[in-house]
Amino acid sequence: MRLNELPLNLSGVIDHVAPVTPADPIARRLEEFGFVPGEPVKVVAFGPFGGDPMAVEIGFTRFALRRSEAARVVIQPLQGTALDPVLHNSAPTQTEDA
Amino acid sequence: MTDTPPLRIALVGNPNSGKTALFNQLTGSRQKVANYAGVTVERKAGRLTTPAGRAVQVLDLPGTYSLNATSPDEAVTRDVCRGVYKGEPAPDLIVSVLAATNLRLHLRFALELRQLGRPMIMVLNMIDAVRRQGLEIDIPRLQAELGVPVVTAIGVKRGGAADILRVLDEPIPPAPAPLPEGADLHAEVRRLMALCVQRSSERHPQLDATLDRWVLHPVWGMLILLVLLFIMFQAVFSWAQPFMDLLQSGMEQLGQFVGTLLPEGILRSLIVEGVIAGAGTVIVFLPQILILFLWILALEESGYLPRAAFMLDKLMASAGLSGRSFIPLLSSFACAVPGIMSTRTIQNPRDRMVTILIAPLMTCSARLPVYALLIGAFVPARSVLGVFNLHGLVLFVLYAAGVLSALVVARVLKKRDTGEHPLLMELPSYRIPGLQSLCIELWQRARIFLSRVGTIIVTLSVIMWALSSFPAPPVGATGPSIDWSLAGRIGHLMLPLFAFIGFNWQICVALIPGLAAREVAVSGLATVYSVGASESDAATQLAPLLSAHWSLATAFSLLAWYVYAPQCFSTLAVIRRETGSWRLVWVSMAYLFGLAYLASFLTYHITRLITG
Chain V
1 MRLNELPLNL SGVIDHVAPV TPADPIARRL EEFGFVPGEP VKVVAFGPFG
51 GDPMAVEIGF TRFALRRSEA ARVVIQPLQG TALDPVLHNS APTQTEDA
Chain Z
1001 MTDTPPLRIA LVGNPNSGKT ALFNQLTGSR QKVANYAGVT VERKAGRLTT
1051 PAGRAVQVLD LPGTYSLNAT SPDEAVTRDV CRGVYKGEPA PDLIVSVLAA
1101 TNLRLHLRFA LELRQLGRPM IMVLNMIDAV RRQGLEIDIP RLQAELGVPV
1151 VTAIGVKRGG AADILRVLDE PIPPAPAPLP EGADLHAEVR RLMALCVQRS
1201 SERHPQLDAT LDRWVLHPVW GMLILLVLLF IMFQAVFSWA QPFMDLLQSG
1251 MEQLGQFVGT LLPEGILRSL IVEGVIAGAG TVIVFLPQIL ILFLWILALE
1301 ESGYLPRAAF MLDKLMASAG LSGRSFIPLL SSFACAVPGI MSTRTIQNPR
1351 DRMVTILIAP LMTCSARLPV YALLIGAFVP ARSVLGVFNL HGLVLFVLYA
1401 AGVLSALVVA RVLKKRDTGE HPLLMELPSY RIPGLQSLCI ELWQRARIFL
1451 SRVGTIIVTL SVIMWALSSF PAPPVGATGP SIDWSLAGRI GHLMLPLFAF
1501 IGFNWQICVA LIPGLAAREV AVSGLATVYS VGASESDAAT QLAPLLSAHW
1551 SLATAFSLLA WYVYAPQCFS TLAVIRRETG SWRLVWVSMA YLFGLAYLAS
1601 FLTYHITRLI TG
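Residue numbers (this note's numbering), protein chains in the order written: chain V, 1 to 98; chain Z, 1001 to 1612.
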């Protein structure tokens, strides 16, 4: 599932960012913004015209991005797991810490 | 200590780290704003003296998310930090500024800076807001893990930078040892966060979420935006008017007063009609610029501006722009000068250039006197379909022509460019703007406008004065003296070209002084037709004269000309200042002239066909 398909107020966990070209500056900027594997992401708003762009939340930080940009982010849908928005140490997908 | 060279430090950090407020706090009014050579990126530098008397030169580098630059300002930050920027030596100390409330994002960039292996300190700014998030940061632990001094600061509070000053009095810390090449900085951020950040209470910040539920709402959010824009437009358009009138009459009185001091002659004419009148056209813009910038700065600092861009992005994307371009374009309806100055909030350089190029197509308030004169003289005041007034309808068509042309021009410019221009941006946390920081920023804008733009405008208006005054008419000559001057001759020379679009020589001559400012064309026409000199006199006496002398086609042609023509030195001067390039000035002049000629040509000939 891609981030642009996630409905309002639902969360997912980022699997990876898929660049559309070999040196995709948008994909790189997404990673710098913290769209990295294991991070929970939540959709908080859609734009007033045709639901584009969208606003998402990672930790305490909110980002605005167009749907075409969000389509680069591959996620796994997440339901009902209570995560601390900053620390989320309980996140089951956090494997890199080991 | 005064003979040792000052310590050079550079503030580096993410956008929205509160870096600028901190810079203003550290340096106060001892700032110098200039441009980096060859690029349109602003170079902000300031000075401070530490409690122990050490002189420090502070450079406020453009905010960036990473050293992988995606825009010219980010490239400046990258190159200065690496010490490879031409003409800008590497700073002695990098001061990495982080919003303590947003460590997850900002710590990653701080680690990237640390990888440079240069002496640095880290400043956890907005430390007061962390507790409100229900978090506790173990600063000694963080400092030990990072191997660089870590201090805290509150950029918007007086005395909130005391810890930074204290560290600056100590010897420069040794350069930190970088992590191995290719280390996963995100993983390191997580490790540091898990070690050093503890939850001290179960409180979660609700402010952003609560406000965003309204502000980003498709219906309520649009309503909030419309109300804010309405108040802003109202403020720029009408609240500034009394101040502008006051300044205008003040400058006129100054001119009259100086006129009584000097003997009749060239010197008096030069000073009163050239210098003082020219300075007057500059100063008159100041109220609009200050009011507009107060709004924009407050909206930007509070975190609202990116949200407005979010709401309007789709709309502007249809013209190939992003939501960021909306407010500069809206402001240009009052005046293109503050509008173009406010394009600095557009980070993407291409979007910024396109916005600057189309801003003059938004009908500014200075065009209203010309429109009012011509519509009053040539369009009968009758109602259309029972509800609309024909005068109002024509005015609306003129405004709409400007907006539609802007959309077309933006689309054409976009066509030449196939790259994807992302919206992707942070929606920063809401905060209350710091008053001191606002005042300093506002003062910077006013100073830049008066010194950089003002000098160009005054110089050009002196040139215009000379063209319209020399040579003086011979003794016993009849007719207006401008007709004998160089400007008059140029007007006559222009006639063959402009006769195709229905202009007579009087219009051509009036267009020349009208270059200084659009509304001057009205008094220019008054001078040529030898009627009253002041604007209100001119309008009442000119209207019947014009409707007797001009054909309807000529009048409509001149109206069409005014929708496009770049007859405004102030706009061109501000484009020069904001882009640092004469090329863009020539490009906008040429394309606007081309459009104006084309529109007038079509209008003139179509009207002639219809009216017979």
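These are computed hints drawn from the structure, not numbers from a lab. No residue lacks a Cβ here, since even glycine has one placed at the ideal position from N, Cα and C. Just to be clear, a hint being listed does not mean it is correct.
[Claimed, not checked] Distance windows between CB atoms, simulated:
| hint | chain 1 | residue 1 | chain 2 | residue 2 | range |
| --- | --- | --- | --- | --- | --- |
| 1 | Z | Leu-1435 | V | Ala-71 | 49 to 57 Å |
| 2 | V | Gly-50 | Z | Ser-1547 | 46 to 54 Å |
| 3 | Z | Gln-1234 | V | Thr-21 | 43 to 51 Å |
| 4 | Z | His-1217 | V | Ala-71 | 18 to 26 Å |
| 5 | Z | Asn-1504 | V | Val-20 | 28 to 36 Å |
[Stated by the list, open to error] Derived SDA-like pairs: lysine to any residue, alpha-carbon spacing no greater than 25 Å straight-line:
| hint | chain 1 | residue 1 | chain 2 | residue 2 |
| --- | --- | --- | --- | --- |
| 6 | Z | Lys-1414 | Z | Met-1316 |
| 7 | V | Lys-42 | Z | Lys-1414 |
| 8 | V | Lys-42 | Z | Lys-1086 |
| 9 | V | Lys-42 | Z | Lys-1044 |
| 10 | Z | Lys-1415 | V | Ile-58 |
| 11 | Z | Lys-1032 | Z | Lys-1086 |
| 12 | Z | Lys-1414 | V | Thr-21 |
| 13 | Z | Lys-1314 | Z | Ser-1269 |
| 14 | Z | Lys-1044 | Z | Lys-1415 |
| 15 | Z | Lys-1414 | V | Asp-24 |
| 16 | V | Lys-42 | Z | Ser-1066 |
| 17 | V | Lys-42 | Z | Arg-1030 |
| 18 | V | Lys-42 | Z | Asp-1184 |
| 19 | Z | Lys-1314 | V | Gly-50 |
| 20 | Z | Lys-1314 | V | Ile-58 |
| 21 | Z | Lys-1157 | Z | Leu-1142 |
| 22 | V | Lys-42 | Z | Leu-1142 |
| 23 | Z | Lys-1414 | Z | Arg-1350 |
| 24 | Z | Lys-1414 | V | Arg-67 |
| 25 | V | Lys-42 | Z | Lys-1415 |
| 26 | Z | Lys-1414 | V | Gly-51 |
| 27 | Z | Lys-1157 | Z | Lys-1415 |
| 28 | Z | Lys-1415 | V | Thr-21 |
| 29 | Z | Lys-1314 | V | Glu-57 |
| 30 | Z | Lys-1314 | V | Val-74 |
| 31 | Z | Lys-1044 | Z | Glu-1136 |
Quick rundown of the hints versus the structure:
no., hint, result
1, Z/Leu-1435 to V/Ala-71: 49 to 57 Å, "43 Å, violated"
2, V/Gly-50 to Z/Ser-1547: 46 to 54 Å, "49 Å, holds"
3, Z/Gln-1234 to V/Thr-21: 43 to 51 Å, "46 Å, holds"
4, Z/His-1217 to V/Ala-71: 18 to 26 Å, "24 Å, holds"
5, Z/Asn-1504 to V/Val-20: 28 to 36 Å, "59 Å, violated"
6, Z/Lys-1414 to Z/Met-1316, "12 Å, holds"
7, V/Lys-42 to Z/Lys-1414, "33 Å, violated"
8, V/Lys-42 to Z/Lys-1086, "43 Å, violated"
9, V/Lys-42 to Z/Lys-1044, "37 Å, violated"
10, Z/Lys-1415 to V/Ile-58, "35 Å, violated"
11, Z/Lys-1032 to Z/Lys-1086, "19 Å, holds"
12, Z/Lys-1414 to V/Thr-21, "21 Å, holds"
13, Z/Lys-1314 to Z/Ser-1269, "53 Å, violated"
14, Z/Lys-1044 to Z/Lys-1415, "35 Å, violated"
15, Z/Lys-1414 to V/Asp-24, "20 Å, holds"
16, V/Lys-42 to Z/Ser-1066, "24 Å, holds"
17, V/Lys-42 to Z/Arg-1030, "44 Å, violated"
18, V/Lys-42 to Z/Asp-1184, "24 Å, holds"
19, Z/Lys-1314 to V/Gly-50, "8 Å, holds"
20, Z/Lys-1314 to V/Ile-58, "23 Å, holds"
21, Z/Lys-1157 to Z/Leu-1142, "24 Å, holds"
22, V/Lys-42 to Z/Leu-1142, "29 Å, violated"
23, Z/Lys-1414 to Z/Arg-1350, "9 Å, holds"
24, Z/Lys-1414 to V/Arg-67, "20 Å, holds"
25, V/Lys-42 to Z/Lys-1415, "35 Å, violated"
26, Z/Lys-1414 to V/Gly-51, "23 Å, holds"
27, Z/Lys-1157 to Z/Lys-1415, "47 Å, violated"
28, Z/Lys-1415 to V/Thr-21, "21 Å, holds"
29, Z/Lys-1314 to V/Glu-57, "20 Å, holds"
30, Z/Lys-1314 to V/Val-74, "23 Å, holds"
31, Z/Lys-1044 to Z/Glu-1136, "33 Å, violated"
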